[in-house]
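Input sequences plus hints: build the corresponding full structure.
Chain by chain, the residues:
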Amino acid sequence: MIEVKNIKKNYGRREVLKGVSFTANKGEITCLIGVNGVGKTTIMNAIMGLTPIKSGEILIEGKPLDKTSYEKITFIPDAITMLPQMKISDAMAFMNDYYQCWNQKRANDMLKFFRLEKESRISELSKGNRAKVNLLLGLALDVDYVLMDEPFSGIDIFSREQIAEVFTSHLIENRGVIITTHEIHDIEHLIDKAVLLDEGVILKEFNAEDVRENEGKSIVDVMREVFHV
Amino acid sequence: MKNYVKLFNFEMGRFLKGYLALVGITVAVQVLGVVIASRSYTNKINKYVYHEGMAIDEFLSQFGDMSMYAIIHSLWIQGPILFCISVLLIYTLLIWYRDWFGKNTFIYRLLMLPTERINIFFAKLTTIMVMVLSLVALQIMLLPVLNKVMSSLVPEAYFMNLSFKEMISGFDVLTILFPFSFSDFMIHYGLGLLAVTLLFTAILFERSFRLKGIVYGILYIALSLLIIFSPVIMIAITEKSYLYPLELFYLELILCVLVFIMSILTSRFLLNKKITV
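Listed in order, the protein sequences are those of chains A and B. In terms of this note's numbering, the first sequence is numbered consecutively and its last residue is 231. In terms of this note's numbering, the second sequence is numbered consecutively and its last residue is 325.
Calculated lysine to any residue pairs in the SDA-like style (CA-CA distance at most 20 Å, straight line):
(1) A/K89 with B/G61
(2) B/K321 with A/T70
(3) B/K54 with A/S91
(4) B/K321 with A/T53
(5) A/K7 with B/K321
(6) B/K322 with B/E164
(7) A/K56 with B/T324
(8) B/K322 with A/L67
(9) B/K54 with A/D92
(10) A/K10 with B/T324
(11) A/K56 with B/Y264
(12) A/K20 with B/T324
(13) A/K69 with B/P162
(14) A/K10 with B/R258
(15) B/K54 with A/A95
(16) A/K74 with B/L161
(17) B/K321 with A/N12
(18) B/K322 with A/E17
(19) A/K89 with B/K65
(20) B/K151 with A/R123
(21) A/K69 with B/T163
(22) A/K69 with B/I166
(23) A/K65 with B/E164
(24) A/K65 with B/K321
(25) B/K321 with A/L67
Computed list of chain B residues with no C-beta within reach of chain A, every gap over 10 Å:
(26) F56
(27) G72
(28) I129
(29) S217
(30) I224
(31) A284
(32) Y298
Below, a sample of chain A positions facing chain B; criterion: calculated Cβ distance under 8 Å:
(33) K69
(34) L85
(35) Y100
Quick caveat, the hints were computed from the structure, so don't treat them as lab data. All residues carry an ideal CB built from backbone N, CA and C; glycine is no exception.
See the structure below:
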């Protein structure tokens with residue numbers, strides 16, 4: 003389980019996270035929802051130790067993040083994390099070099115699934131294909147938790163469909179996923195837990211299945227109620 | 049350790065083309081300089097000695113003989129050296145900043161590697177030092193070669209063969225780069241290593257605290273320099289020295305080692321606790 007406990011974060015004098023707490027379980031898809039600038043990416047960065055927090059605590063399987071955590075949890079930011087001059091094969095070799103949990107077979111399967119050429123240079127890929135490579139590099143790690151920041155941001159509809167397919171595949175099965183996205187339509191039916199954020203606070207955290215079954219509402223319906231739109 | 053070696057190898061690979069370009073420019077410009085200077089000198093010999101009948105001794109007393117000493121002070125030799133120094137100084141900053149400001153956000157990947165983050169620091173530090181030392185080694189090997197090239201172009205009667213030490217004597221930058229004793233080598237390159245380490249720590253302050261970090265970085269460097277030079281400052285203030293020169297040297301050495309360790313620990317703390325992507 004990933005536990006985010008009352009984290010606070012300032013950028014200068016501006017408080018971007020004002021005591022955010024939630025948990026994300028293995029085998030569940032948790033979606034952080036909110037407009038731009040509410041602190042979704044900051045939460046992701048904080049979980050991965052990529053930005054310091056002012057106060058609060060983040061635990062992964064009951065322990066604070068350390069170097070070994072990166073063999074259990076991976077983060078797929080909205081921009082590719084490899085050098086532009088690298089070929090996809092170089093990027094895969096790089097991952098294989100450093101991560102014990104790198105699964106080469108899965109990486110090759112994903113290459114085929116996304117119809118990517120191993121020898122293509124990252125700089126020459128379209129935005130959609132770069133997003134797919136980014137996803138491949140993250141999901142080919144045999145980790146327990148996957149964090150994805152805006153995986154559908156700015157990419158074409160066909161790439162979006164292909165990426166959305168990942169969420170129904172074995173690539174996600176049994177893993178804990180935390181995802182931030184504006185465009186939840188593509189994956190709304192797959193989300194287990196939704197966390198609605200605004201101005202650095204959690205407005206509502208709910209089990210999507212319960213809301214669907216008991217109240218007959220979709221996540222978007224709840225968002226409309228909470229965000230008053 | 050294994051990850052440090054891999055990261056070092058990776059960092060070297062990232063600047064390999066740039067480094068080979070520096071090697072190519074250095075060799076090409078210096079060889080060209082020697083050829084042009086030698087040709088110019090032999091043209092004078094042709095003009096005055098062979099066409100106007102000037103005696104060799106008179107020519108030598110008027111124009112002097114030809115040796116590497118004559119060209120080593122020229123831009124042909126100094127230019128590439130200063131160019132390499134400038135590029136490596138700029139690269140000392142770029143080696144960090146390009147991971148944040150490049151087209152892709154490679155710093156995310158570096159910081160999420162399952163290894164101690166200080167390995168990233170050591171890999172970058174080693175890369176800079178290895179590049180500096182290998183360019184110095186190249187220059188050490190190149191000077192005797194240039195001497196040979198010159199000796200093959202200038203008639204023997206007009207050419208003075210110089211040893212490596214004679215070639216570079218009187219040229220301050222070269223005597224810093226090519227110290228004559230092992231202890232001088234350790235001092236010069238040890239101070240170089242310390243300077244790069246302090247600069248890296250200052251960069252990490254900036255990357256951790258952004259605008260405030262620039263101030264912290266400058267203060268950090270100032271504090272480090274104050275610690276290093278405190279014995280000398282004390283002597284200057286009190287106008288008395290209670291230490292023999294050798295004791296002062298060892299005291300300075302200890303202070304430099306302490307500042308180096310302090311810088312590594314500070315960088316480790318910043319990388320683990322304060323760095324921001």
